[in-house]
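Engineer: Going by numbering that gives the first Met the number 0, the sequence shown wraps up at 254, each residue one higher than the last.
Please keep in mind that the hints were generated in silico from the structure rather than gathered at the bench.
Check before you lean on any hint, since a few could be wrong.
To be verified - Okay, derived cross-link-like pairs now, DSBU-like style, lysine-lysine, Cα gap no bigger than 35 Å in a straight line:
1. Lys59 x Lys171
2. Lys5 x Lys129
3. Lys171 x Lys127
4. Lys129 x Lys171
5. Lys59 x Lys5
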Amino acid sequence: MPAFRKIAFVASPTGHAREAADLLMRRYDHVSPEEADVVVALGGDGLMLQVLHRFMDRPKPIYGMNRGTVGFLMNEFREDDLLEHLESAQRSVIHPLLMEAVDTEGRRHRARAINEVYLLRQTHQTAKLKIAVDGHVRLDQLIADGVLCATAAGSTAYNLSVGGPILPLDAKLLALTPISAFRPRRWRGALLPDYARIHIEVLDAAHRPVAAVADHNEFRRVCTVETRLDRATELVLLHDPGHSLDERILREQFG
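Based on the sequences and whatever the hints tell you, model everything.
Structural biologist: Rendered as structure tokens:
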């Protein structure tokens, strides 16, 4: 009996992705995403993140096919033998970050991020941040545009673009990476165990406002942010044999 008997198709709004979805829906039986055993996402990495967030509280396997611009998380698009590809796909299990922030008005915000949580200055003035890990202050003051915490799955995204390390998926690490650090000049970030709790205090939050972002969820004028891995939530990505997320991350390290 096939592991995935109920398939749903979700596409980005671009013509390229919609055409692919229409083609597949004519060829294969399908149900609504809420009823499905597996979701086939047609688009780019942006769509994949949207779909993973959509089913964050009721996770189901996601098989992405690239019909977008960036397809790091996606498989090659094929209209033939979809059921066979789903059956032979390799599973990658990832956990999101949980961010809890408090703004200058005392409001509490909570969001999860698959790629990264970052703090970023809102004005021309640099941010001043105090960083503690598991209750111990590690940096009394980071003067920078901001700071970023990335999962292994997200380490090849914004984290890499600001000079952070690429993390193998099974490394059980988080990358803590500064964004345009001014002081201390030589601090290039830290590799932390994935059970670490990272607490960041915004110094002089009233005059040097800082926004906190968890993937696409942004909260402005925050004064404290705490981030940790949400081990209770498991997200499953499906990839064709030989193209697993582990393999893609390894390949990225060699250009």
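Engineer: Among the hints numbered above, which are violated by the structure, and what are their numbers in rising order?
Structural biologist: Checked against the structure, the only hint that fails is number 2, while the rest are satisfied.
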